Amino acid sequence: MSLPNKNVFFYLAATLSLLALNGCNGGHLATGKNLRSLPNYVVTDQHGNKLRFYDDVIAGHAVVLQFMYTRCDGICPAATGNLVSARRICLGQGGSDLRFISISLDPARDTPEDLTDYSRISGMDNEWILLTGKPAEIEEIRKALGAKDPDPVLDSQRSSHSAGIVLGNDKYDRWAMISGLSPGSAIARSILRILTAI
Amino acid sequence: MPGAAGLTKALRLSDPLPSPGLTPFVSPLPIPMNAQQVAPFQTVGVTPSRFATQSPIYHKIIAEERLVSLHPQLPLTRIWGYRDAAVPVSTSGLGPTFITTFGVPMIMRLTNALPPDHVGFGHPFLTTHMHGAHLEQRSDGFAENIGPFRPVTAPGESYDLCYNNLDPGFSTGEPDSSDRPSTLWYHDHVLDFTAQNVYRGLVGLNLCFDQLDTGDETQGLQLPSGAFDVPICLQDRRLDALGQLVYDPLDHNGFLGDVFLVNGAVQPFLSVQGRKYRFRMLNGCNARFLNMRIVSASGAAQTYSQIATESGLMQGPLRDQTDSFMSPAQRNEIVFDFSRFAPGTVLYLENNVDQPDGRGPRGTFDNPRFTPVGTRFLKFIVGDRVADPSRVPDILRPFTLDYLAEVPAANRLQFQFSRRNGVWVINGESVDLHNPIATVRLNTPQVWTFKNNSGGWWHPIHVHLEYMHVLTRNGRTPALNERGAFCRRDIVTLGPNDEIEAFFKFRDYPGRWLIHCHTTEHEDAFMMTCFDVIA
Ligand SMILES: [Cu+2]
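As given, the protein sequences belong to chains A and B, one line each in that order.
Note that the first sequence ends on residue 221 in the working numbering; no numbers are left out.
Note that the second sequence ends on residue 537 in the working numbering; no numbers are left out.
Do not take every clue at face value.
As the list claims (entries may be wrong) - Straight-line C-alpha distance at most 25 Å; calculated DMTMM-like pairs for lysine to aspartate or glutamate: (1) A:K194 with B:D250; (2) A:K194 with B:E159; (3) A:K194 with B:E66; (4) A:K166 with B:E159; (5) B:K453 with A:D172.
Read the hints as simulated data drawn from the structure, not as lab findings.
Here the structure is a predicted model, which means the values were calculated and not measured.
Start from the sequences and build out the full structure, keeping to the hints where you can.
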């Protein structure tokens with residue numbers, strides 16, 4: 024008998040430990056898994072703070088993520104405007120625990136100061152988190168969040184970058200993507216829906 | 003293994019492992035139970051139409067998490083499913099099957115008993131759509147709460163739905179009895195999470211009968227009935243080593259699985275008698291297009307008669323067919339005659355569409371690519387030849403062609419489906435279900451053009467409320483299995499750059515209705531819009 028493939032072995036062991044963990048935790052068995060993991064790279068926010076992307080930004084939170092870059096003269100201004108208006112609606116409807124996060128797709132150029140300026144010009148409030156970082160790592164984060172195109176040409180063009188808004192509720196490992204081109208009111212309804220996990 | 007960057011979760015699953023290998027054809031094809039009527043109850047917010055002449059029947063359905071066996075070599079799989087409240091436990095991968103007698107209204111109370119603290123993909127907030135039904139807006143399973151209607155139920159809540167089962171045109175004294183469904187399905191439809199919830203298992207069937215399609219093979223059309231009228235719900239899944247469902251909620255291209263289920267079982271078998279069978283095939287996959295064939299052990303395609311699309315019986319059967327191409331959510335019904343095979347013969351129901359990813363098959367709608375070897379979903383083992391009173395008559399449901407006279411003066415609208423910055427837009431607009439893209443008058447002829455401008459992507463476009471008569475495909479008369487004068491459709495498939503013209507008349511029910519792609523991942527990424535029908 025041949026030894027199991029190392030990956031399969033890891034997978035099995037991890038799945039079993041997950042089962043065991045869930046078993047002690049109120050009797051919930053693994054109910055099917057998200058095929059998803061998020062990188063935990065160190066990123067920089069608009070104040071220059073170093074944050075671990077998963078541990079410090081996402082973990083335990085309900086998050087709304089968009090992708091932008093400060094020099095974008097394509098869809099960013101409109102999409103950011105929609106999201107800012109969605110944020111205002113959410114704040115009025117019990118969404119104050121939400122984290123709104125903008126991730127720069129031009130991290131090589133976007134400095135914390137650029138991000139601060141962008142947040143002020145766009146009308147983002149002080150709680151809004153804007154992130155930049157090492158280009159290759161931001162690229163991995165973008166792909167892990169599903170903001171990518173299966174067409175490699177489109178995927179490589181910053182001008183055609185994703186207008187998707189990623190909605191996540193980490194506590195429940197619940198994720199979806201909606202369109203940043205929709206009006207703020209429609210975006211807000213979807214955001215509030217994913218937060219009503221309980 | 004985790005590098006310097008570390009990983010958030012214990013598992014790195016971004017390169018999915020193939021699902022565990024399973025021995026095919028070891029368990030019999032499950033047939034979901036018929037829903038049982040319950041005593042009439044006090045409904046909330048619904049009453050059958052005053053045009054209904056018969057008393058309604060009542061059902062109570064519970065949406066729950068449960069353990070089911072997909073295959074004997076796997077541990078039990080935790081799914082979400084509909085259960086008939088009249089039974090204490092369900093082990094079925096599908097919900098109960100409704101049996102509709104046309105003209106008899108049905109009232110269904112849907113109770114959401116999903117776990118509120120659920121972790122993982124899926125969202126335990128439900129709105130239930132009876133796909134293909136002609137019905138009031140309140141009961142259509144609208145994708146979000148809107149106006150006076152609150153169809154989205156939280157765990158612990160219930161919602162009553164009413165299906166009048168009246169012929170379109172009933173309210174104007176022109177009921178069109180040729181416009182009746184035969185195989186409907188019900189599924190969750192909540193905005194942003196339909197793909198995840200349907201993939202978790204919130205799916206069931208509804209079989210419709212009337213004085214022609216009687217469900218009794220000695221009467222009416224005499225189509226095969228009873229044990230010889232078999233639903234075939236085709237689904238693909240991905241499983242981990244412990245048999246649990248695996249899904250990536252942040253892959254929006256369209257899910258493709260590598261495990262193939264029929265009626266909730268992985269590659270089952272069906273022992274058949276040497277006679278005719280009616281197979282009601284539903285493409286229950288999120289994003290996989292299917293071309294279903296019945297082949298011999300050596301792969302030779304065997305002929306059958308197609309008798310219905312998702313919008314009911316066709317005017318007549320299409321005989322000597324070998325291929326049934328179905329987009330997600332489409333239904334094709336066929337009659338297959340096993341009496342021509344010797345007892346002991348083995349046949350397979352297989353799909354041979356060559357589809358590399360969720361964008362769609364290789365090739366075009368008119369010329370899709372097929373794989374040299376098909377993927378087997380179901381094995382048939384032919385038994386002894388038996389007496390067979392069933393028939394496939396030359397005329398199934400006679401169609402009125404009155405609509406053709408209404409085409410020239412019809413109101414014309416165009417819907418262009420495009421991809422912009424990684425999201426979907428329809429006529430350049432991103433979805434807002436509080437703002438309809440169009441408003442049309444009740445009972446007025448409409449010719450709508452659907453145009454796919456989204457590059458290489460395929461989109462099965464579904465319009466709620468009414469079936470369509472397809473007039474042209476890329477400027478030409480479509481093939482019989484989607485030609486409006488021969489059959490109707492509730493989904494029209496837009497292959498790359500396709501353009502379809504279809505005739506509609508929205509009768510009886512003013513309200514707000516959805517148009518969306520039924521590749522459910524596209525739908526959830528906002529490939530959806532709505533239109534208003536006003537009196
Ligand atoms: Cu689509």
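Consistency of the hints with the structure:
no.: 1; hint: A:K194 with B:D250; result: holds, 17 Å
no.: 2; hint: A:K194 with B:E159; result: holds, 23 Å
no.: 3; hint: A:K194 with B:E66; result: holds, 21 Å
no.: 4; hint: A:K166 with B:E159; result: violated, 37 Å
no.: 5; hint: B:K453 with A:D172; result: holds, 21 Å
This entry does not satisfy hint 4, going by the numbered hints stated previously; all others are met.
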